[in-house]
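Engineer: Working from the sequences, and respecting the hints, build out all of it.
Which chain is which? The protein sequence lines are V and U, in order.
In terms of my numbering, the numbers along the first sequence are unbroken and rise by one, the last being 1248.
In terms of my numbering, the numbers along the second sequence are unbroken and rise by one, the last being 252.
Worth flagging that the hints you see were computed from the coordinates, not collected in a lab.
Just so it is clear, the structure is predicted and the values come from calculations on it, not from any experiment.
Note that the Cβ used here is the ideal one computed from N, Cα and C, for glycine as well.
Take the hints with a grain of salt, since some may be wrong.
Said to hold, decoys possible - Now the stretches of chain U that chain V is said to cover, found in silico as 3 or more residues with beta-carbon under 8 Å:
#1 212 to 222
#2 235 to 245
As the list claims (entries may be wrong) - Label-pair restraints from in silico Cβ distances:
#3 N69(U) to F1023(V): 36 to 46 Å
#4 I51(U) to F1023(V): 34 to 44 Å
#5 W999(V) to Q120(U): 31 to 41 Å
Unchecked claim - Listing some non-contacts, in silico: residues in chain V with all C-beta distances to chain U over 12 Å:
#6 T846
#7 E854
#8 L947
#9 T980
#10 A988
#11 N994
#12 T998
#13 S1005
#14 V1026
#15 Y1201
#16 F1206
#17 P1211
#18 L1216
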Amino acid sequence: MAAPRSQSKIVRWIDHRLPIFTFIDHELNEYPTPKNLSYWWNFGSLAGIMLVIMIATGIFLAMQYTPHVDYAFDSVERIMRDVNYGWLMRYIHMNGASFFFIVTYIHIFRGLYYGSYKEPRELLWMLGVVILLLMMATAFMGYVLPWGQMSFWGATVITNLFSAIPVVGNAIVTWLWGGFSVDNPTLNRFFSLHYLLPFVIVGVVMLHLIALHQHGSNNPLGIDRKGPQDSIPFHPYYTVKDMFGLAVFLIIFAVFVFYLPNALGDPLNYLPANPLQTPSEIVPEWYFLPFYAILRSVPNILFIPAKLAGVLCMFGSIFVLFVLPWLDTSRVRSARFRPVYKWVFWLLVIDVLALGYVGAHRPEGFYLILGRIATLYYFFHFIVLFPVIGWLERPLPLPTSISAAVTKKGGARLASATTPMEKP
Amino acid sequence: MRKKILALVGIAAIALTAVAVAQEAPEPPHQQWSFDGPFGTFDRAAVQRGFQVYSEICSNCHSLNLLHYGDLGPNGPGGGIGYTEEEVKAIASTKQVTDGPNDQGEMFKRPGRASDKFVAPFANEQAARAANNGALPPDLSVMAKALSGHADEIYGILTGYKEPPPNFKMGEGMQYNEYFPGHQIAMPPPLTDNSVTYADGTKATLAQEAHDVATFLTWASEPTMEDRKRTGAKVIIFLLVMTGALYGAKRRIWADVH
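Structural biologist: Structural data, given as structure tokens:
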């Protein structure tokens, strides 16, 4: 193992015993990265930084928060009022959840567009889906902690989903609650798990990074690096690009934290939880709305009651992502060279936005119909369109190498660097 | 590609607007507020007048459990509403606070201090309901944040009492209110012209009182709002400079790749 080119004796002494500097050198300075990554590749590191921000602010909030049904709401308000910069910590954490999901969803859609889940990155993708599931569980439990009206009723609705499981459902729900309703034991365990799961996420993120560094990043052309002319070291090229992207992102984030801190949340959560008063409309935070729409759109399917079918479809909508690498039969990664998929991709984006729109409304009339169509389309897209398009589509010719595509017309205009094939 | 993104942003914007519009009660008309916008601050005179309205009228039924008297003074979160420490002490000392137990094991009454919480009008929920025809006057500490229309909705409800439309069925002891969800509210009209006599000589019309108390309750719901906006301006200016510097650094480092 090559020692880093450090002159410092101390560094060399440590590195000889614990090769931490060699490791950093290897993963940052030597780590070859495609030279043509676009700004869509910034969102992975942004998600990582959001995770760190959430953990850091969360630790400070936990120092002042009281996980008890009688004190939780007031302790959060105490943080807002009487703890120095408590309002800052809480608003960063609260809006941070939304922004964590924004960057993660963009990161996922980028992977879908450029085929980042394909051979040899299947496990990298699947670990990402695991992270998404963990994030969802963590966000859900975190939202319960302020113990407002939506916290309580959201927790009641979502935990009740498990009662749809045949035979043992009700027993499972009682076990989850630690009682016969959402109450103090529920709040306590949610707090405990909300503190634990982010560190589990850190662990899976590390696996995600190990898997990433095994074959390196995919790129907008979706072709493999053919040699040193196709790649540049991660540092300083992508460290500075990620930093610049981070600064732009932080401006948008700061606008929300400082000027629109409650714009993304439900105002009802500023009313203390009241088990005797059900809100007229129970809706989750915006980032769960597409899944909520699927849950509420599904009717009875044959002998499966609507509730169980809804729960199965909701979890199925994530599970289908796990098997996506084998559902997509196209060998071409980037949508840039897939004349049909390139358009169909946007149908999925519109479909998910439509589901989000439906999720904010009662499943009645127009919303129910739209929700059912969008749910059907979601599964149709993954289970039917992905394999079929892969079989039938005639991909455009791939460039011979990344650097060939880059040098042809200059780095900034990669899309036009390839001549599209004449339509037959 | 760019067109497609624009189209999607358009769709998302339409969807979001539709979400915002779909609400049960009619949206209360927007008023001018001193705290509106990124540079808005609380009009201290209006907050003090609103505090007077709250103290003389609202506080007969509504608590403000999350506030301390000291919050009104310079040591409060966000620097208070313009009272000096002496004035805060004087305000607190007019209230009778239950303290104890003392050395004899008994609870006792004493004049309030700045560190005391606002004294609630009722000892508990049951007492509040018993005195209010079975209805519970909610705590108002964060009400301005809990209502989707915020200060506009407080103003709308306080000025929105009307005769019910001809064939509207009213519940027992309920009032018709244009801006309350479902239009039926248990609270009788709390404010009229000249409900209070303002210490600063402002004419106490219903609109003025409603506007002042909505300003006060917005302050009460987030006394640190001005800190937040001030800090935000500094943070964003810093970030803009940092973004510029990093953009320059990025261009320079990448110059040899392009």
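Engineer: Compare the structure with each hint and give your call.
Structural biologist: Status of each hint after checking the structure:
1. 212 to 222: Since 6 is at least three, the answer is holds.
2. 235 to 245: holds (count 6)
3. N69(U) to F1023(V): 36 to 46 Å: holds (38 Å)
4. I51(U) to F1023(V): 34 to 44 Å: violated (51 Å)
5. W999(V) to Q120(U): 31 to 41 Å: holds (34 Å)
6. T846: holds (24 Å)
7. E854: holds (17 Å)
8. L947: holds (30 Å)
9. T980: holds (19 Å)
10. A988: At roughly 27 Å from the nearest Cβ of chain U, A988(V) sits farther out than 12 Å, so the non-interface label holds.
11. N994: Holds: least Cβ distance 31 Å, greater than 12 Å.
12. T998: Since the minimum Cβ distance to chain U is about 28 Å, T998(V) lies beyond 12 Å and the statement holds.
13. S1005: holds (19 Å)
14. V1026: holds (26 Å)
15. Y1201: For Y1201(V), whose nearest Cβ neighbour in chain U is about 15 Å away, the distance exceeds 12 Å, so it holds.
16. F1206: holds (20 Å)
17. P1211: holds (24 Å)
18. L1216: Given that every Cβ of chain U is farther than 12 Å from that of L1216(V), nearest at about 23 Å, it holds.
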